[in-house]
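From first to last, the protein sequence lines are chains V and G.
For the first sequence, my numbering assigns the number 4 to the initial residue and increments by one for each residue that follows.
For the second sequence, my numbering assigns the number 4 to the initial residue and increments by one for each residue that follows.
Bear in mind the hints are in silico, worked out from the structure with no lab data behind them.
Hints are all accurate, no fakes.
Straight-line alpha carbon distances no greater than 25 Å define the calculated BS3-like cross-link-like pairs of lysine-lysine that follow: (1) K198(V) - K236(G); (2) K151(G) - K236(V); (3) K267(G) - K275(V); (4) K247(G) - K236(V); (5) K276(G) - K260(V); (6) K267(V) - K250(G); (7) K214(G) - K271(V); (8) K275(V) - K214(G); (9) K44(V) - K304(V).
If you want the footprint, here are the derived chain V segments under chain G, 3+ residues with CB under 8 Å: (10) 144-158; (11) 215-222; (12) 233-241; (13) 248-261; (14) 264-272.
Note that the Cβ used here is the ideal one computed from N, Cα and C, for glycine as well.
Chain by chain, the residues:
Protein chains: 2
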Amino acid sequence: MLKIAVDAMGGDFAPEVNILGAYDAASDNEIEVILVGKEDKIKDFLPEKKELKGKVSIFNVEDQIRMDENVSSAIRRKNTSMRRAIELVKNGEAHAVLSAGNSGAMMALSFLLLGKLPNVDRPAIATVMPCLKGHFILLDAGANVDCKAEHLLQFAFMGDAYHKALFNSTSPRIALLSIGEEHSKGNEATKEAYKLLQETNLNFIGNIEGKDVFFGSADVIVCDGFVGNIVLKVGEGLADALMKMLKREIAELITGKIGYMMIKPAIKSFRKKVDYSEYGGALLLGINGTSIICHGRSSAKAIKNAIKVATEMAKKEIYKRISESLTITEDINEGKDSLNRLIYS
Amino acid sequence: MLKIAVDAMGGDFAPEVNILGAYDAASDNEIEVILVGKEDKIKDFLPEKKELKGKVSIFNVEDQIRMDENVSSAIRRKNTSMRRAIELVKNGEAHAVLSAGNSGAMMALSFLLLGKLPNVDRPAIATVMPCLKGHFILLDAGANVDCKAEHLLQFAFMGDAYHKALFNSTSPRIALLSIGEEHSKGNEATKEAYKLLQETNLNFIGNIEGKDVFFGSADVIVCDGFVGNIVLKVGEGLADALMKMLKREIAELITGKIGYMMIKPAIKSFRKKVDYSEYGGALLLGINGTSIICHGRSSAKAIKNAIKVATEMAKKEIYKRISESLTITEDINEGKDSLNRLIYS
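Sequences and hints are given; from them, build the entire structure.
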């Protein structure tokens with residue numbers, strides 16, 4: 004049995020969707036959920052599911068962090084639902100924590116309370132994204148806006164370990180997101196990172212351009228958090244905009260309505276495949292524990308899936324594998340300048 | 004009558020598509036095309052269109068720049084088709100130049116031969132992109148990979164002038180591409196640029212996130228060339244990948260085939276709207292002349308459209324308008340520190 008702490012008050016549709024998602028997830032034999040937040044508000048939304056008695060509990064916390072709140076002041080308050088939820092992991096009372104609330108605060112508090120792994124300079128947000136051939140991992144998706152080459156190198160190692168643990172892969176293809184395939188293309192940080200990555204034992208396949216990202220040309224795509232966040236959101240928005248444009252074109256046809264009815268199941272299945280809520284949040288890599296950041300607009304289904312992902316990540320103890328991977332790398336590459344810079348900076 | 008110099012040897016499908024595109028464009032009364040390249044190679048592909056005699060001429064040049072060639076050595080050779088084509092503009096023998104060849108070389112040579120506008124620190128590539136509500140201009144799309152806030156500010160001024168000239172708009176909405184709407188969100192350069200933009204007389208609407216880019220929330224979107232190039236190519240690739248994914252889903256339905264037939268005209272019309280080749284290349288802003296960079300994979304249609312855009316840009320003398328706009332800005336803001344930095348840096 005794994006216990007997952009859920010920040011019941013975080014997200015645009017909290018606490019309702021968080022509670023419904025928690026109950027859905029708790030129907031899994033392996034999962035127990037602790038809803039952290041204001042008890043009287045939570046009670047208003049509790050579904051009547053007697054069979055899940057004892058599988059979902061409430062941890063009463065009065066205060067909460069607002070979505071748009073300034074991070075530095077938000078993380079100072081001691082009795083917020085987000086902070087308390089993370090503390091449950093810190094104190095060994097839960098195996099993982101997730102929040103759809105203020106993502107900057109979630110990142111900062113996870114970092115502060117759970118700590119970094121040894122050898123990690125900067126934790127990163129890793130998202131699993133759908134593409135033409137299965138999925139790929141994109142990192143950093145927003146934790147670090149200005150990155151040096153050494154940080155990109157760390158992201159590559161963390162992404163490698165994450166992919167291996169998540170998909171049971173042996174040698175995931177690692178690529179740098181840049182503006183040309185040649186090693187000479189890119190900004191200062193990516194050009195330098197290219198050199199560093201070549202010296203590692205990773206399966207580094209070189210640069211990948213924007214046009215290839217969604218074709219499945221790489222398993223792990225590395226970039227700084229500014230670029231990663233923009234790519235992630237452009238993807239989300241563009242999929243939406245394109246479907247709206249296509250629908251508009253279809254609506255203008257005489258045969259459009261009936262044609263649309265005929266392909267509707269395909270559109271539904273397609274939407275499911277590109278829907279972020281199917282993938283259940285992004286894992287914070289480099290933290291000494293399992294902490295998951297969910298989309299602010301998470302639905303109950305997204306929360307349910309995120310709880311399942313959190314359970315999976317906690318069971319596999321991904322954070323320990325990342326730590327081991329970086330330690331082994333340190334041993335293998337002992338004496339190499341670039342990696343020493345990575346490890347001891 | 005406007006004369007457009009076309010680098011006949013540039014692009015993945017040169018010279019054939021360049022020649023066909025040139026002939027198609029030259030059927031316009033206003034347009035005359037000079038095909039610059041190896042005469043005997045060009046002659047192999049000349050269509051028989053006697054009515055266009057005198058409207059398409061050949062300027063024989065023996066050498067050419069390869070697509071993947073190192074820029075710094077490529078631009079040193081004196082007798083390449085790209086260089087000669089640009090020189091025609093420099094010498095007043097053509098009104099505009101375009102190439103689908105090595106874009107780095109095209110940028111560097113345009114810069115070297117035509118020169119920068121006064122008050123411009125760094126020329127930028129501006130692309131016109133389709134979105135849910137019409138079009139928007141994205142810049143920089145790849146000319147400058149590492150930018151300071153002052154450069155982003157210049158891009159905003161150039162994009163503003165370009166939008167006004169291209170769409171006859173009076174007050175285009177200028178946005179900074181970032182990772183959150185609040186001014187405190189972004190990397191160092193965008194946060195600083197936000198402050199500078201607030202001090203200008205531009206219609207600055209603040210930050211725009213990746214998810215809103217294709218919804219038409221801004222008329223001019225400003226970012227550095229690394230981010231811009233990735234967004235541009237992610238857009239291109241994702242539209243392609245999504246249509247392939249959707250088609251795959253449709254193919255799995257029993258009613259899929261007939262449903263697809265019924266909506267096919269809509270898909271065609273949709274594809275046309277999101278097809279880069281409809282928009283005819285990207286304009287180099289900040290150069291003292293009209294120079295257009297076409298997609299390496301340009302089709303004959305793309306070349307034709309690019310020649311038409313080049314004609315339009317040359318006729319409107321966009322580069323002069325940009326120059327005027329920056330000079331007026333200088334007058335209005337005289338004494339303001341941030342703009343002095345822009346102008347005198």
